[in-house]
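Go by the hints and put chain D onto chain P.
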Amino acid sequence: MMMHRLVSSPDAVGNLTFQNTEVPIPNSNQCLIRVKAFSMNRGELKRSQNDPPNTPIGWDVVGIVEQTAQDGSGPPVGTRIVALSIRSEGWADYVVIPSHFLAIIPQSVSDTDAAALPVAGLTALYAVEKGSRLLGSRVLITGATGGVGLFAMQIARAMGATVIAQIRQPEQEAFVRDYGADEVVITETGQAAKQFAPYRLIVDGVGGELVGNLAAFLSQGGICVCYGSSSGNEMKLSLTDFYGNGGQRTLYGFSLYTEVELESAHSGLIRLLSLVEQGQLKAHIDREVSWREASVTAADLIGRKFLGKAVLYVD
Amino acid sequence: MEFMKAAVLTTFGGAESFEIQTVPKPMPKPNQVLVRVCATSINPVDYQTRRGDYKDLVRLPAIIGVDISGVIETVGESVTDFEVGNEVYYSPQIFGESGSYAQYHVADAGIVALKPSNLSHSEAACFPLAGGTTWDCLVTRGNLKVGESVLIHAGAGGVGSIAIQLAKAMGAYVFTTCSSKNLDFVKKLGADRAIDYKNEDYAEVICQETDGLGVDLVLDTIGEQTIQRSPEIIRPFGRLVSIVDTETPQSLIEAWGKNLTIHFVFTPQYRAKLDALTKLIERTQLRPVIDSTLSWDQVILAHQRLEQGGTRGKIVLKFTEN
Chain P
1 MMMHRLVSSP DAVGNLTFQN TEVPIPNSNQ CLIRVKAFSM NRGELKRSQN DPPNTPIGWD
61 VVGIVEQTAQ DGSGPPVGTR IVALSIRSEG WADYVVIPSH FLAIIPQSVS DTDAAALPVA
121 GLTALYAVEK GSRLLGSRVL ITGATGGVGL FAMQIARAMG ATVIAQIRQP EQEAFVRDYG
181 ADEVVITETG QAAKQFAPYR LIVDGVGGEL VGNLAAFLSQ GGICVCYGSS SGNEMKLSLT
241 DFYGNGGQRT LYGFSLYTEV ELESAHSGLI RLLSLVEQGQ LKAHIDREVS WREASVTAAD
301 LIGRKFLGKA VLYVD
Chain D
1 MEFMKAAVLT TFGGAESFEI QTVPKPMPKP NQVLVRVCAT SINPVDYQTR RGDYKDLVRL
61 PAIIGVDISG VIETVGESVT DFEVGNEVYY SPQIFGESGS YAQYHVADAG IVALKPSNLS
121 HSEAACFPLA GGTTWDCLVT RGNLKVGESV LIHAGAGGVG SIAIQLAKAM GAYVFTTCSS
181 KNLDFVKKLG ADRAIDYKNE DYAEVICQET DGLGVDLVLD TIGEQTIQRS PEIIRPFGRL
241 VSIVDTETPQ SLIEAWGKNL TIHFVFTPQY RAKLDALTKL IERTQLRPVI DSTLSWDQVI
301 LAHQRLEQGG TRGKIVLKFT EN
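In order, the protein sequences belong to chains P and D.
254 is the number that the working numbering gives to position 254 of the first sequence; each next residue is one higher, with no gaps.
109 is the number that the working numbering gives to position 109 of the second sequence; each next residue is one higher, with no gaps.
Next comes chain P alone, as it looks inside the complex (with noise of 0.2 angstroms):
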């Protein structure tokens, strides 16, 4: 049986062209998955730049299980699931998924917001329960606006403590309060980030000069978790700061790769729709196109020229 799916293009508008292909089969411990929706993240589409063409492509999906795994493992056919395609081929018709990378979606959770959770959410997730007792505790979120960012500050306040959002432009503050942030911070370097601090845990995507800056301002037995670069890779940090004043400071490098290592994306993605059912979550969802609209889709969120995220429907 053949199927259509999104694969590399170096030439192509957004890097990504339609291709023709079979369906693939099932290991013994996974699911095939008929794809109902997906997401988009700026972290997939910039790694297909640098991939060979027609390479597959897609974490975030959405879909109705259509065989389920022979081992037992995987819910009944028929069941609605969200997934974390780990080996990237979500964008495409049908797609197989191992039992402990999906999750049921319960019934008051839209295909939407489901799409929007795999990796911004269980990036923010797995990013903020490395923190320790944040119970109480002043978190910072770089990167605010961001996809895992958004996720962040919602999952750090769900969990008692308080929230301080770093961004750059000031006509977005009311944005990120409106996400969950307690106390907001305008700055590109992050020196306006000492006025709350000291800070239990920071959760940065943003990387560069701003990290090296933040890390000085790390309370005693504080983590900073690395999970991206997006404004550069090189950090200059004080290590007097960092070892000074009680020390026991720790950056993280944080791999979403590895971490569904230590707990599976499926614990996780159901704890995420948990907080999604109470209310305590919510994707800031700007586009819902086809994905006949990938291409134009994908080159716009490069380009940034939309705020959250873009759900595409398989249609």
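For the record, the hints were derived by calculation from the structure and aren't laboratory data.
For each residue, glycine too, the CB sits at the ideal point set by N, CA and C.
Don't take each hint at face value.
Claimed, not checked - The calculated lysine to aspartate or glutamate pairs, modelled on EDC-like cross-linking and capped at a C-alpha distance of 20 angstroms, are:
| hint | chain 1 | residue 1 | chain 2 | residue 2 |
| --- | --- | --- | --- | --- |
| 1 | D | K258 | P | E288 |
| 2 | D | K168 | D | D192 |
| 3 | D | K187 | P | E277 |
| 4 | D | K187 | D | D291 |
| 5 | D | K279 | D | E87 |
| 6 | P | K46 | P | D11 |
| 7 | D | K29 | D | D56 |
| 8 | D | K145 | P | E263 |
| 9 | P | K305 | P | E288 |
| 10 | P | K36 | P | E22 |
| 11 | D | K145 | P | E277 |
| 12 | D | K55 | D | E97 |
| 13 | D | K279 | P | D182 |
| 14 | D | K5 | D | D297 |
| 15 | D | K29 | D | E77 |
| 16 | D | K168 | D | E200 |
| 17 | D | K279 | P | E183 |
| 18 | D | K25 | D | D81 |
| 19 | D | K258 | P | E263 |
| 20 | D | K181 | D | D211 |
| 21 | D | K168 | D | D297 |
| 22 | D | K258 | D | D192 |
| 23 | D | K5 | D | E97 |
| 24 | D | K181 | D | D192 |
| 25 | P | K194 | P | E183 |
| 26 | D | K188 | D | E204 |
| 27 | P | K130 | P | E288 |
| 28 | P | K282 | P | D178 |
| 29 | D | K145 | P | E261 |
| 30 | D | K145 | P | E259 |
| 31 | D | K25 | D | E77 |
| 32 | D | K29 | D | E97 |
| 33 | D | K168 | P | E277 |
| 34 | D | K168 | P | D182 |
| 35 | D | K168 | D | D275 |
| 36 | P | K282 | D | D192 |
Unchecked claim - Where chain P lies over chain D, by a calculated footprint (3+ residues, C-beta under 8 angstroms):
| hint | segment |
| --- | --- |
| 37 | 140-149 |
| 38 | 275-285 |
For chain D alone, coordinates are given in the frame of chain P:
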């Protein structure tokens, strides 16, 4: 020698086993503080101790009681983190030392914490033991995570009423059991699903409402059947935390089949736990729940009332206003 008044347990037995006596006022050692007790509260362990459940651990005559809010009157010579006049709250080590049913108490500075600034002494006295126990159950031992679900047995009780609030502050979905008259009360504390245990089978409710999966964590404040039935309602690899010293043998074969972890909590005292609670109290994420406030010399009445059951939150014994 100076003296003070205390409610002294003279014999193991009924609530009338207390006598108000004049006894020597204690002196702090170098690492201790002397605290003038403003308020204490009653815990189940108090009447269990009184009726002789822990005979081997308590020497009579004894001053019992495990919650204190008060004012530091003398500071031992090696204590650097407190000054005379500081308002503090803490829980004396259970069975380890003299208790709170007295006008004065000495304690190691390491277990004493500054009182939340937004609470009266009567309110603060509700927290040390029940709050510290709850902290151990949900944070230190139970490791409750954001987005998880928890069943809190007896949500209207001293530990239960704090546990509901703490679990909500940690971002969990809260099931709780209570009697029908307390359904609204536990919902006001934050419970997402209140189960009337007399008219509903809590295991059925939880199985149905978690699609047969079960909750991530159970907090048991009751013991006996609660432990044995827990595997029915906990997901595979889930956790049970119990604060009950049940002597009845339990069959745990189902717990084995589901790879459960069972924690028993006999709560140790240390300041960091109270400081963490203080932050939440000052942010009003934890509020005191007082059933009633009595004068400290009404200790007999207080014991009768708690032992009878059906109280909502804590019974406070007050010594002085401030």
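Results for each hint:
no.	hint	verdict
1	D:K258 to P:E288	violated, 42 angstroms
2	D:K168 to D:D192	holds, 9 angstroms
3	D:K187 to P:E277	holds, 18 angstroms
4	D:K187 to D:D291	holds, 17 angstroms
5	D:K279 to D:E87	holds, 16 angstroms
6	P:K46 to P:D11	holds, 14 angstroms
7	D:K29 to D:D56	violated, 26 angstroms
8	D:K145 to P:E263	holds, 12 angstroms
9	P:K305 to P:E288	holds, 15 angstroms
10	P:K36 to P:E22	holds, 18 angstroms
11	D:K145 to P:E277	holds, 16 angstroms
12	D:K55 to D:E97	holds, 15 angstroms
13	D:K279 to P:D182	holds, 16 angstroms
14	D:K5 to D:D297	holds, 10 angstroms
15	D:K29 to D:E77	holds, 8 angstroms
16	D:K168 to D:E200	violated, 23 angstroms
17	D:K279 to P:E183	holds, 18 angstroms
18	D:K25 to D:D81	violated, 23 angstroms
19	D:K258 to P:E263	holds, 18 angstroms
20	D:K181 to D:D211	violated, 28 angstroms
21	D:K168 to D:D297	violated, 36 angstroms
22	D:K258 to D:D192	violated, 26 angstroms
23	D:K5 to D:E97	holds, 17 angstroms
24	D:K181 to D:D192	holds, 17 angstroms
25	P:K194 to P:E183	holds, 12 angstroms
26	D:K188 to D:E204	violated, 24 angstroms
27	P:K130 to P:E288	violated, 32 angstroms
28	P:K282 to P:D178	holds, 10 angstroms
29	D:K145 to P:E261	holds, 17 angstroms
30	D:K145 to P:E259	holds, 16 angstroms
31	D:K25 to D:E77	holds, 18 angstroms
32	D:K29 to D:E97	holds, 13 angstroms
33	D:K168 to P:E277	holds, 15 angstroms
34	D:K168 to P:D182	holds, 18 angstroms
35	D:K168 to D:D275	holds, 19 angstroms
36	P:K282 to D:D192	holds, 19 angstroms
37	140-149	holds (count 5)
38	275-285	holds (count 5)
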